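*Asks:* Okay, here's what each chain looks like letter by letter:
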Amino acid sequence: MKFGVVVFPGSNCDRDMIHVLQDVMQQEVKVLWHKDHDLQGLTTDDCIVLPGGFSYGDYLRCGAIAKFSPIMRKVMEHANNGGFVWGICNGFQILCESGLLPGALLRNNNQKFICKNVYLTATHSESALTRNILQDDVLKIPIAHAEGRYYADEATLKNLKKNGQILFQYCNEEGDVTAEANPNGALLNIAGICNEKGNVFGMMPHPERAAEEDLNNIDGRKLFESLLNLNLVEQ
Amino acid sequence: MTAPKDNLQKPTLQNALELGLKQDEWEKIIELMGREPNFTELSMFSVMWSEHCCYKNSIAWLKKLPKDGKHILAKAGEENAGLVDIGGGLGCVFKIESHNHPSAIEPYQGAATGVGGISRDIFTMGARPVASLNSLRFGDFNHPNTRNLVKGVVKGIGDYGNCFGVPTVGGEVYFDESYNINPLVNAFSAGIVELGKTVSATAKNPGSKVYIVGSATGKDGIHGASFASADITEDSAEELPSVQVGDPFMEKLLLEATLEAIDAGCVAGMQDMGAAGIICSTSEMSEKGKVGMKIDLNKVPTRQTNMKPWEMLLSESQERMLVVVEKGKEAAIEKIFDKWDLNCAVIGEVIAEEILEFTFNNELIARVKPVNLVLGGDSPVYHRTMTEPKYFEEIKKFNIENIDEPNEDDLKAIAKKLAAQPNIASKRWIYEQYDSMVQVRNQTTNMPSDASVVRINGTEKALALTVDCNPYYIYANPEIGTAIAVSEAARNIVCSGGEPMAITNCLNFGNPYNEEVYYQFAHAIMGMKSACEKFGTPVTGGNVSFYNQSSDVGPVLPTPTIGMMGLLQNHENKMGIAFRKVGDLIYLLGKNVNDLASSQYLIHHHGVKNSPAPYFNLDEEFDLHQLVREVIAEKLVVSAHDISEGGLFMNLLESAMINDLGCDIEMKDDGMRMDALLFGEAQGRVIVTVKPKHQAAFEALCKKDIVPVELIGSVTTGDISINGVEFGRSRHFKTVYDNSLEELMNAN
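Chains A and B, in that order, give the protein sequences.
Sequential numbering of the first sequence, starting at 222, is according to this note's numbering.
Sequential numbering of the second sequence, starting at 24, is according to this note's numbering.
To be clear, the hints were calculated from the coordinates, so they are not data collected in a lab.
Since this is a predicted model, take the numbers as computed values, not measurements.
Accuracy of the hints is not assured; some may be wrong.
As the list claims (entries may be wrong) - Each computed EDC-like pair below joins lysine to aspartate or glutamate, with the alpha-carbon atoms no more than 20 Å apart:
1) B/K87 x B/E556
2) A/K337 x B/D683
3) A/K337 x B/E455
4) B/K174 x B/E200
5) A/K333 x B/E766
6) B/K178 x A/E298
7) B/K331 x B/E386
8) B/K178 x A/E368
9) B/K484 x A/E433
10) B/K484 x A/D259
11) A/K256 x B/D364
12) B/K362 x A/D257
13) B/K484 x B/E522
14) A/K288 x A/E298
15) A/K337 x B/D761
16) B/K658 x A/D435
17) B/K484 x A/D244
18) A/K256 x B/E522
19) A/K333 x B/E455
20) A/K251 x B/E283
21) B/K757 x A/E401
22) A/K361 x A/D397
23) A/K256 x B/E357
24) B/K658 x A/E434
25) B/K317 x B/E380
26) B/K757 x A/E394
27) A/K337 x B/E765
28) A/K256 x B/D361
29) B/K484 x A/D435
30) B/K362 x A/E298
31) B/K174 x A/E368
32) A/K361 x B/E455
33) A/K333 x B/D761
34) B/K557 x B/D91
35) A/K361 x B/D683
36) B/K358 x A/E347
37) A/K333 x B/E765
38) A/K337 x B/E195
39) A/K288 x B/D364
Modelling step: build the complete structure from the supplied sequences, incorporating the hints.
*Replies:* Here's what the structure looks like:
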């Protein structure tokens with residue numbers, strides 16, 4: 222699997238993602254510019270990452286302008302053909318705006334930007350992004366956003382649950398999904414979801430910020446390892 | 024030659040006074056020019072000769088500060104920011120700057136553009152900003168405006184830095200009534216550059232094209248530099264157009280485009296447009312290169328129609344740079360800026376004659392020699408007189424014997440109160456609004472330490488960064504207090520595993536024409552000088568902010584903020600403050616002193632505002648730092664934390680509560696008062712913890728040294744006990760400590 226990391230004007234986690242994919246996970250990365258009209262040879266075996274940041278200054282609404290960029294037409298084709306797409310933070314917002322994922326990300330219920338470590342639990346291990354994560358794993362991964370409160374209507378939520386599309390929920394250190402552990406007011410403590418086919422992922426927390434021993438936190442690495450289907454020896 | 028015409032009324036002395044100049048300055052301008060200036064030219068002088076641009080009331084003292092050092096590649100005053108060699112072919116560019124007056128009037132934009140401005144100072148030299156810190160001062164929570172100022176400033180810093188994509192990794196905040204009307208917003212930025220790829224703010228090569236790149240020029244911030252050099256008054260809100268408006272998205276694009284243009288070899292010289300806009304950057308770049316410039320103002324991309332030439336010259340619109348482009352690279356730089364959808368307009372060219380000529384509609388409207396305008400050239404230099412402040416009389420009367428000593432129950436209650444005191448309590452409500460982790464460099468997120476440790480990706484090195492200034496100590500004794508500020512910064516860096524390298528300063532004081540204020544300023548410089556010389560940390564630059572005062576509460580507490588940069592050769596040497604494990608041994612390095620002076624306990628519990636600076640000895644301080652560095656380098660300690668606000672008690676609590684641990688302390692008191700032992704802020708003390716298996720090696724190493732070292736106890740499961748006083752679980756204090764500021768912010 223190769224990776225393509227899209228750079229929008231205002232992306233600011235693109236370098237972090239490229240660093241972790243290349244230097245930590247030892248993967249091949251193509252950098253995709255927002256004005257590009259092609260994916261530099263990436264195929265549906267590969268994964269396109271929409272990184273965090275403030276694409277187009279987040280003017281109008283987070284992710285609302287990015288969806289009209291030339292590269293996004295190609296990303297949508299890639300997704301519709303079954304290729305992996307992974308949006309993190311602003312990338313998740315862009316995927317919701319583009320209609321590749323259901324729902325929307327609203328302003329945090331405290332009306333403020335929040336940057337801190339939070340705890341996540343994976344709802345199941347059936348998806349490509351969670352297959353290496355055990356039911357009782359509690360992952361410490363940071364968030365950094367002002368608009369991360371996941372919202373969808375009743376019917377959509379019902380479908381998400383039915384189809385196993387809820388991938389990550391905010392929880393406390395013990396792994397319990399509680400109201401106190403919800404940092405932004407997201408419905409059902411939703412931190413990350415996927416589409417019905419299971420090839421498009423969106424999440425607010427930043428696994429690339431929790432992937433190195435130097436930073437004293439490697440919980441985020443499990444997501445990369447899952448996606449790469451690395452068979453790791455559990456300790 | 025005929026004098027330039029700007030089609031405006033010929034100015035008089037009265038106009039000069041209205042623009043903030045003095046009569047003798049008006050006369051000096053006429054003498055330098057050999058004629059009377061026109062209005063446009065006079066406006067140029069008024070901003071370039073403001074304190075903000077030319078340091079006329081401070082430069083005589085600033086020159087006394089040490090600026091040489093073996094690692095220093097760009098000294099104070101030479102470039103937009105200091106440049107320090109950190110080895111491996113890399114340099115660190117760093118600086119701190121104030122944005123106090125704009126933040127007083129419009130906290131959100133004032134603070135945001137403060138972050139933007141300091142960041143441009145870093146990347147205009149070719150460095151990629153890797154860390155931001157800030158030092159903030161607000162009024163008392165009893166003042167009706169304090170919450171709004173805090174909310175606005177914090178949101179401004181957050182929104183700008185978060186979007187710009189540079190982590191805010193640290194800072195300090197104090198609340199005191201002297202800042203009620205005039206808050207302080209000091210922004211620090213550090214960047215990393217490959218040596219050989221740095222850019223100088225120098226114009227050269229006559230015939231080279233001069234470009235303006237980035238945002239279009241609007242009417243915002245006109246005369247902002249002069250505005251920063253006057254007292255804040257009731258009417259200051261009417262000066263709103265003096266406050267600039269920031270756009271972090273534009274800044275992010277400008278950063279990427281600028282660094283790309285430097286990489287492509289397009290840039291011969293560059294300076295950001297900060298205070299005093301085009302006039303400042305054209306004159307400073309020309310003077311540095313001993314050349315001149317011809318500028319056609321019709322070519323400047325503008326945001327509004329019908330902008331007058333003098334408005335374009337003085338506009339402080341943000342996110343702009345002045346670039347002298349290498350000959351033959353014009354098309355290349357235009358292509359890069361087009362890629363990033365940014366303006367990139369030729370507005371003139373470098374000329375050999377040392378003169379600035381501005382034309383508009385094909386008419387010469389202003390003609391001034393750069394040397395007449397700039398610091399180091401003909402801008403005025405004043406030696407102000409000073410008088411010892413009257414309040415020193417009150418300080419001299421202080422006697423610790425007159426302070427009631429609390430009983431044991433009171434001590435416990437006081438401990439809780441101090442943990443909740445906003446000057447001591449966690450600043451979580453503030454820092455969680457800042458993206459502290461972008462760029463995956465911040466090594467203190469999951470390992471808090473006294474200084475912020477920022478990894479230099481691709482190397483084994485890390486920067487250790489801190490901003491420090493306890494303004495109460497400076498007020499008590501400007502010279503000792505400022506030496507303490509430098510020492511505390513150095514102490515924070517050594518406790519985090521680094522070596523202190525250099526400092527930048529942000530000197531926030533009241534009106535320099537007030538002789539008592541000037542006394543504080545001059546003595547602060549003396550204290551800074553002695554401490555910087557002792558620690559081998561030269562001053563690489565910074566900023567002076569006078570006129571921080573209001574009619575209600577007078578001058579602010581003198582606040583010479585120190586921003587210090589340190590280096591870890593290997594980031595594996597980083598050291599945190601948290602107790603690690605039950606049974607680890609706790610040692611005090613340095614000595615306790617029966618001292619309460621200027622402590623938060625004395626000020627807030629006893630209401631005593633006038634007392635001396637706390638115990639401090641520069642030589643002992645230096646020896647302590649050497650010992651701390653040695654025990655960390657030898658890997659004999661597992662935590663290190665200096666004793667500062669709130670004294671020994673707060674130090675132990677802060678280290679204990681991170682991992683829900685406690686401590687059992689039984690230490691010599693030599694007949695000391697219990698309140699001084701717990702809450703006194705005598706300087707020169709660090710607490711370290713040592714694994715039992717390292718006890719012998721640690722003690723052997725300490726014996727060789729001259730620093731007093733005492734085994735005072737051990738880490739326990741969760742209770743804090745000090746010389747028989749039982750304070751209970753650290754966890755209970757943590758709730759108070761973590762939430763106090765948020766509760767204050769939400770209270771009405």
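*Asks:* Each hint needs a verdict: does it hold in this structure or not?
*Replies:* Hint check:
no.: 1; hint: B/K87 x B/E556; verdict: holds (11 Å)
no.: 2; hint: A/K337 x B/D683; verdict: holds (19 Å)
no.: 3; hint: A/K337 x B/E455; verdict: holds (6 Å)
no.: 4; hint: B/K174 x B/E200; verdict: holds (17 Å)
no.: 5; hint: A/K333 x B/E766; verdict: holds (16 Å)
no.: 6; hint: B/K178 x A/E298; verdict: violated (39 Å)
no.: 7; hint: B/K331 x B/E386; verdict: holds (13 Å)
no.: 8; hint: B/K178 x A/E368; verdict: holds (15 Å)
no.: 9; hint: B/K484 x A/E433; verdict: holds (16 Å)
no.: 10; hint: B/K484 x A/D259; verdict: violated (38 Å)
no.: 11; hint: A/K256 x B/D364; verdict: holds (11 Å)
no.: 12; hint: B/K362 x A/D257; verdict: holds (12 Å)
no.: 13; hint: B/K484 x B/E522; verdict: holds (12 Å)
no.: 14; hint: A/K288 x A/E298; verdict: holds (13 Å)
no.: 15; hint: A/K337 x B/D761; verdict: holds (14 Å)
no.: 16; hint: B/K658 x A/D435; verdict: holds (17 Å)
no.: 17; hint: B/K484 x A/D244; verdict: holds (17 Å)
no.: 18; hint: A/K256 x B/E522; verdict: violated (45 Å)
no.: 19; hint: A/K333 x B/E455; verdict: holds (9 Å)
no.: 20; hint: A/K251 x B/E283; verdict: holds (19 Å)
no.: 21; hint: B/K757 x A/E401; verdict: holds (17 Å)
no.: 22; hint: A/K361 x A/D397; verdict: holds (13 Å)
no.: 23; hint: A/K256 x B/E357; verdict: holds (18 Å)
no.: 24; hint: B/K658 x A/E434; verdict: holds (19 Å)
no.: 25; hint: B/K317 x B/E380; verdict: holds (5 Å)
no.: 26; hint: B/K757 x A/E394; verdict: holds (17 Å)
no.: 27; hint: A/K337 x B/E765; verdict: holds (16 Å)
no.: 28; hint: A/K256 x B/D361; verdict: holds (12 Å)
no.: 29; hint: B/K484 x A/D435; verdict: holds (11 Å)
no.: 30; hint: B/K362 x A/E298; verdict: violated (25 Å)
no.: 31; hint: B/K174 x A/E368; verdict: holds (18 Å)
no.: 32; hint: A/K361 x B/E455; verdict: holds (16 Å)
no.: 33; hint: A/K333 x B/D761; verdict: holds (18 Å)
no.: 34; hint: B/K557 x B/D91; verdict: holds (13 Å)
no.: 35; hint: A/K361 x B/D683; verdict: holds (18 Å)
no.: 36; hint: B/K358 x A/E347; verdict: violated (48 Å)
no.: 37; hint: A/K333 x B/E765; verdict: holds (13 Å)
no.: 38; hint: A/K337 x B/E195; verdict: holds (18 Å)
no.: 39; hint: A/K288 x B/D364; verdict: holds (18 Å)
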